[in-house]
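Enquirer: The primary structure of each chain is shown beneath.
Protein chains: 6
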Amino acid sequence: MPFVNIKVTREGTAPGATATTPEQKKALIKGVSDLLFDVLGKPHHTTFVVIDEVELDSWGVGGVTTPEWREQQRASAGLPEKP
Amino acid sequence: MPFVNIKVTREGTAPGATATTPEQKKALIKGVSDLLFDVLGKPHHTTFVVIDEVELDSWGVGGVTTPEWREQQRASAGLPEKP
Amino acid sequence: MPFVNIKVTREGTAPGATATTPEQKKALIKGVSDLLFDVLGKPHHTTFVVIDEVELDSWGVGGVTTPEWREQQRASAGLPEKP
Amino acid sequence: MPFVNIKVTREGTAPGATATTPEQKKALIKGVSDLLFDVLGKPHHTTFVVIDEVELDSWGVGGVTTPEWREQQRASAGLPEKP
Amino acid sequence: MPFVNIKVTREGTAPGATATTPEQKKALIKGVSDLLFDVLGKPHHTTFVVIDEVELDSWGVGGVTTPEWREQQRASAGLPEKP
Amino acid sequence: MPFVNIKVTREGTAPGATATTPEQKKALIKGVSDLLFDVLGKPHHTTFVVIDEVELDSWGVGGVTTPEWREQQRASAGLPEKP
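Chains as they are written, first to last, in full-length UniProt numbering: chain A, 1 to 83; chain B, 1 to 83; chain C, 1 to 83; chain D, 1 to 83; chain E, 1 to 83; chain F, 1 to 83.
Calculated directly from the structure, the hints in this document are not laboratory data.
Take the hints with a grain of salt, since some may be wrong.
Keeping only pairs whose Cα atoms sit at most 16 Å apart, straight-line, the calculated EDC-like set for lysine to aspartate or glutamate is [unchecked claim]: (1) D:K42 <-> D:D57; (2) A:K26 <-> B:D57; (3) E:K30 <-> F:D38; (4) E:K30 <-> A:D57; (5) A:K30 <-> D:D34; (6) D:K26 <-> F:E68; (7) F:K26 <-> C:E71; (8) E:K30 <-> F:D34.
In silico contact screen, one side only, chain E against chain A (beta carbon under 7 Å); selected entries [what the hints assert, rightly or not]: (9) K25; (10) I29; (11) K30; (12) I51.
No experiment lies behind these values; they were computed from the predicted model shown.
Heads up, the beta-carbon is just placed ideally off N, CA and C, and yes, glycines get one too.
In isolation and in its complexed conformation, chain A is listed as follows (with noise of 0.2 Å):
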């Protein structure tokens, strides 16, 4: 019976989504529900899948949050900043 606790950005990562949509959502619980059974043979029924979402200044990487380290890794890239 296993738990498993997904988190991720709040942002869209498909065309005009401002968040995970739907169809993600329901992409993921399949995912990895399906791997479970599949790796270890948890029957589909017993397993739990929760999916946070944090929004994007209440997640840190490098000491800075996440829109402040994309904007590092861009610069020291020497790409142009995010418009």
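Chain A is fixed; fit chains B, C, D, E and F onto it per the hints.
Expert: Below, chains B, C, D, E and F without anything else, positioned relative to chain A:
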């Protein structure tokens, strides 16, 4: 100094409610704190309880989202679709 | 389909025990599951409970580890040091 | 930069194993990381996966511990007790 | 590659604020990442920090919600009720 | 009343150590509690810190376990294999 995290789907279980009500939250907090005292002797003031409500389509079971899962259960029990 | 995570320090609270006993774990699991049913109507078979025991020196409060904290509390109450 | 926490009971599902094997852990880590890339486009190096194994009697479902739950399920299906 | 999760009640502690401010989040992220580097030598780019803000009435202590707990503490200290 | 959970890989970073040392745990607990006080004004006695150590092969990054990831990083930097 126990820490208890309760995750439930965000939905109404009291009449007219669309989320866990303040009274239900109080009952959960009191019940868990009493339990920790009764079973392990933990003083009430040392027990923290955090209740997380998770959107229905961010909670998966059986490889699908909670609303889809309930529809499947209903159908397999021969019950009509939820209106 | 609630998920409850109970974190406690690993230590004996029953006579002669050095950790949460199997009976105490059963009582915690039953108590939490009953509570979710009584307060929110959640069927028992949909509630998962996970108990984590944390080493005393990995749990901090008041800026110090749990054993140090208890010693401070004892001293400030004018009680003798724990032998 | 997703963070995924997988909690499973500590028990063997591969022949002769008494816990999740190193190969199974690798398959879970790879599978989850691939999934996050396929569904959300998250680069592999930004995904963390943490696998927690939980003792069977610290995991509750149906108001009882996992071993008791399985015994109940077996009995209600008319199967003999596990030797 | 540490992962740090900070849970606080959602409330203002800066003048005029009703939640943790962006500046406070930055200070928490930087402070925790510096700490992990100073104590364990963990490079900044390998540390993830996630800040969760929890509604006041979803956080319990002493068997009651946080606002009730504070009122109790205030009363027992002989202070007037919060207006 | 903040709750902070620090997850790190179980490995020695101090000379001769194979895990986080008691002194390092104390420094992490003190540092985090000081930070919550400095940034948000949270009194020390209301802050709980829990440190989890995770086995190296239960922590994944880049789609592989931590030891494999480090070997890849070392190789791509032209460094010799770890003896």
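Enquirer: Each of the hints needs a verdict: does it hold here or not?
Expert: A quick look at each hint next to the structure:
With a CA separation close to 36 Å, the supplied pair K42 (chain D) and D57 (chain D) exceeds the 16 Å bound. Between K26 (chain A) and D57 (chain B), the direct Cα distance comes to roughly 8 Å. Compliance with the 16 Å bound is thereby established for this hinted pair. For the hint linking K30 (chain E) to D38 (chain F), the alpha-carbon distance of about 13 Å falls within 16 Å, and the restraint holds. Note on K30 (chain E) and D57 (chain A): the hinted pairing holds, with a Cα-Cα distance of about 12 Å set against a maximum of 16 Å.
For the given pair, K30 (chain A) sits about 13 Å from D34 (chain D) by alpha-carbon distance, which is consistent with the 16 Å threshold. In summary, the hint linking K26 (chain D) to E68 (chain F) is supported, as the alpha carbons are separated by about 10 Å, within the 16 Å threshold. Our distance criterion of 16 Å between C-alpha atoms is met by K26 (chain F) and E71 (chain C), whose separation comes to about 15 Å. Between K30 (chain E) and D34 (chain F), the direct Cα distance comes to roughly 13 Å. Compliance with the 16 Å bound is thereby established for this hinted pair.
Interface restraint check: K25 (chain E) against chain A, minimum CB-CB distance 6 Å, threshold 7 Å, status holds. Because the closest C-beta pair between I29 (chain E) and chain A is about 3 Å apart, less than 7 Å, the hint holds. A hinted interface residue such as K30 (chain E) counts as satisfied when its beta carbon comes closer than 7 Å to some beta carbon of chain A; here the least separation is about 5 Å, so the hint holds. A least Cβ separation of about 4 Å between I51 (chain E) and chain A falls short of the 7 Å threshold, and the interface hint therefore holds.
Hint compliance for this structure: hint 1 alone is broken.
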